[in-house]
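Undergrad: Please model the complete structure; the sequences and the hints are all you need to start from.
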Amino acid sequence: MNTDSHKKGSGSSHKCCQTKSEQPKDTTTSSSENTKATSTGNEMSEHELIIDGASCGSCVSKIEKALLSVSGVHSAEMNFAQRTVQVKTNVDVIQLIQAVEKAGYNAKVSTSESEEEALDEKEQADWQYYKKLMRDMTLALVLGVPLMIYSLVVGEMTVNTDTERLVWLIVGLLTLGVMVFAGKHFYVGAWNSFKNHSANMDTLIALGTGTAWLYSMVVVFAPEIVPLMARHVYFEATAMIIGLINLGLALEVKARGKTSEAIKRLIGLQAKTARVIRDDKDIDIPIKDVLLNDLIRVRPGERISVDGDVVEGHTSIDESMLTGEPMPVEKSEGGQVVAGTINKSGSIVFKATRVGKDTALAQIINMVKRAQNSKPPIGRLADVISAYFVPVVMIIAVLSALVWLNFGPSPAIAYAMVSATTVLIIACPCALGLATPMSVMVGVGKAAEAGVLIRNGEALQTASKITTMVLDKTGTITQGAPKVTDIIVAGSQTEEDILQLVASLEAGSEHPLAMAIVESAADKGISPKKVTDFASLSGMGVEATLQNKKLLFGNEKLMKQQGIAIDKFVDKAQQLAAEAKTPMYFAVDAELAAVIAVADPIKSDSIEAIKRLQNNGIRVVMLTGDNRMTAKAVASMVGITDFVAEVMPEDKAKKVAEYQANGEIVGMTGDGINDAPALAHANVGFAIGTGTDVAIESADITLMRGSLHGLADAIAVSKATLTNIKQNLFGAFIYNVAGVPFAAGLLYPFFGLLLSPVIAGAAMAFSSLTVVTNANRLRFFKAKEH
Amino acid sequence: MMWINLAGFGLILLIVWWFWMYKSPNVAMQDGAIEIVVKDGVYQPSTIKIAANKDTAITFTRLDASSCSETLLIPDLEINATLPLNKKVSVSIPASLPGRYPFHCQMKMYLGELIVE
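Quick mapping for you: the protein sequence lines, in order, are chains A and B. Each residue of the first sequence is one higher than the one before, counting from 646 in my numbering. Each residue of the second sequence is one higher than the one before, counting from 3 in my numbering.
Think of the hints as simulated: they come from the structure by calculation, not from any bench. One thing to keep in mind: the hints can contain errors.
[As the list claims (entries may be wrong)] Some, not all, of what chain B presents toward chain A, calculated at C-beta under 10 Å:
#  : residue
1  : F11
2  : W22
3  : Q32
4  : V39
5  : K41
6  : N55
7  : L65
8  : A67
9  : N82
10 : P86
11 : P100
12 : P104
13 : I117
14 : V118
Small disclaimer: the values here were computed from a predicted structure and weren't measured. Cβ atoms here follow ideal geometry from the backbone N, Cα and C, with glycine treated the same way.
TA: Written out as structure tokens, the structure reads:
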């Protein structure tokens, strides 16, 4: 195959696939259409548009003409085969799309952009916005600060003489300039919201600064209608408030950038290129051009580019960045590799099984993003309040002005104006609105860093309140892969002989115990022999013939039925059972040859992890379908006193419901497949991933590594996040509840204190910054305390 | 003074009416391409009427640099989406029961409503 044509073909088909795969699996995601470069400012940038409806060659010139007719478009070149057009321009991409639509075609922006490019663009856009806010701030403070110093040093800015009127008129016009150039976004936003019958922070700022400026201009133009003592101007307040709030917003943009560090880290795990083997040659291609079933070579130290199955070579892979598991994982032929992980030792070739948006890494990024945007129930009250907040503040401002006008000292009108302005400016709906989402953003990201994927804000909040944790045994507390633990030889044969005979007997069986024996033999380099007359004895064991010897392998019942003497070994077998092992008897020609014990080993850190949960005051319960004896043994080994044995998978959900009926908030942990009903029934369902084969859609919280420490980590992060949210909400409520009456002049009758609008502006600007900064503190939270 | 007080109370009534009591006039049912632009502090248009029990896609274009407007939430439909600056983002609205579904930014400063009929 020609490499070029392959690449082109792959590019276009990939785009097509991406567009499809970007359709949300549920409704919480959106398909985003991207550009190759941001078109903010006047810098020339290049966009790739995908054109729909271009059916003939003549469409090409029509579309190119339509685009070139847009002022600011430097060049437009259409590739008819791919139905794409490259446009160099300094105008908004929206204008390009409109131009194409006007010409009778549909256009959308190419989806070829990677998450990393999108992130770069976002950072670029945030940086531009930050610079603009800083420019606005500087402009406003260049006027505001000298005026402020003047008012503090020289005294009140009164209008008594014609010269003063002229000077203040010039200052008033300069302030108007500041309002237009540095505060335009507040006034435009306020007016648009007003037209929509809604009000927001812009409304408060526009009203506050507008009132102060208008009052001052009335004093300048018609001082005679204002009482002598009230002939002050407040231009410094308008300029300072605009400057300070722009500064607050700029710092907030900076601080917000830090809240998405975790997602940045995940996106950074994505390799940029892949070394694909095509036509027996290794070629490096961009990650977006990798196709399903492509063979990809990875050398030591390189990053795995897409998900796949190893077809050649052996290596160890560092998956810690996704699972939090520090030990590298051995991979050989047939093993699965996951995008974003790092190949440590050997060189391998793997076949791509999931590419683009389908890789586990892409899904994890998507899930974390969605969860970061979702709100836990604790944030709902703030949402309800913020819906009424701004109009209520406006009413308080009017009432406050009326009270000052009716009962205030002279000059009442000046006091009324100052108090109304201060009330408007000090109230900060943003702090309330930011309190929850900022903490969720950081908390969910922090959890992802520890290999814990939290589905949404509700799961985060409920996880912090869990009182009972129900654990499945197999695959959750234990490794889920039985192994031969003991071989007690009864006759003269060696352990190896026994293992070979039993492995030969069990080679054809798919029973988990049989597989454990075959694997144990393989691990020791013992290969099974071919048996004849194989028969499965339902519920008891198996039999077969090998080299004219009759082999029998099974439980006590089978041995008794066949009249084989096992009396000497019954005690030993019971002892093994008490150690959570399953003892089996092996007989050759009707004589006992050995007792073999198989057990599902407990994960090395289960005991410690369960202890962590118990130390947090959480009752830990084990549910298992296994017999009581094994269950009891496992439970006592890991320090669990509550356990329920012989539970059918369908009854696990009932058990969860029973605990809930007793008022417990139940977390259920299982492998996500046969435990699905119980996971769904629990207040929080935890799915344990095996390595990076993540059952993302199956649970509220997914633990990407097999360790139960993930449970304690998830609960610890949830608790820390909830505490952070509560601090934020408390701070924001108290700030507004205390700040507004203070601004209205509540302290004046007692202490003669009335807040300056400038101080109110500073307080408003920094209250939301405080919320974001407090949320950022969560970044330093250590999830692992083990 | 009485007139000033009356004017003040009148202003309060006006605030209550304008922001809380006012009912938006009937909005025409939309089908085909629905586009909402996020610009200058608001969603334009902010009220959209769509048919019930039918999947709908709404294209959002964010031209507002304010970081608040980056997130779109439709809590009752459990939808959240990130709106990159200067890009079109298509948000799928699943077939829904008749009702009013508010949508907003993270801080509820940008407000809109989806009317499903």
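Undergrad: With reference to the structure, classify each hint as holding or not holding.
TA: Hints versus structure:
1. Checking F11(B) against chain A by beta carbon gives a least distance of about 8 Å; that is within 10 Å, so the hint holds.
2. Taking 10 Å as the C-beta cut-off, the interface hint given for W22(B) holds, the closest approach to chain A being about 7 Å.
3. The closest approach between the C-beta of Q32(B) and any C-beta of chain A is roughly 17 Å, which is over the 10 Å cut-off, so the hint fails.
4. The criterion of a C-beta within 10 Å of any C-beta in chain A is met by V39(B), whose closest approach is roughly 8 Å, and the hint holds.
5. With 10 Å as the threshold, the beta carbon of K41(B) comes within range of chain A, its nearest partner Cβ sitting at about 8 Å, so the hint holds.
6. A hinted interface residue such as N55(B) counts as satisfied when its beta carbon comes closer than 10 Å to some beta carbon of chain A; here the least separation is about 14 Å, so the hint is violated.
7. With 10 Å as the threshold, the beta carbon of L65(B) comes within range of chain A, its nearest partner Cβ sitting at about 7 Å, so the hint holds.
8. Taken as an interface hint, A67(B) checks out: its beta carbon lies about 4 Å from the nearest beta carbon of chain A, inside 10 Å.
9. Given the 10 Å rule on beta carbons, the hint for N82(B) holds: about 4 Å separates it from the nearest Cβ of chain A.
10. Contact between P86(B) and chain A, as hinted, is supported at the beta carbon level, the nearest pair being about 6 Å apart and thus within 10 Å.
11. Residue-level restraint check for P100(B) is violated (minimum Cβ-Cβ distance to chain A is 17 Å; threshold 10 Å).
12. For P104(B), the suggested interface contact is upheld, since its CB lies about 9 Å from the closest CB of chain A, less than 10 Å.
13. Taken as an interface hint, I117(B) does not check out: its beta carbon lies about 15 Å from the nearest beta carbon of chain A, beyond 10 Å.
14. Annotation: V118(B) was flagged as interfacial toward chain A, and the flag is violated, the nearest CB pair being 13 Å apart, outside 10 Å.
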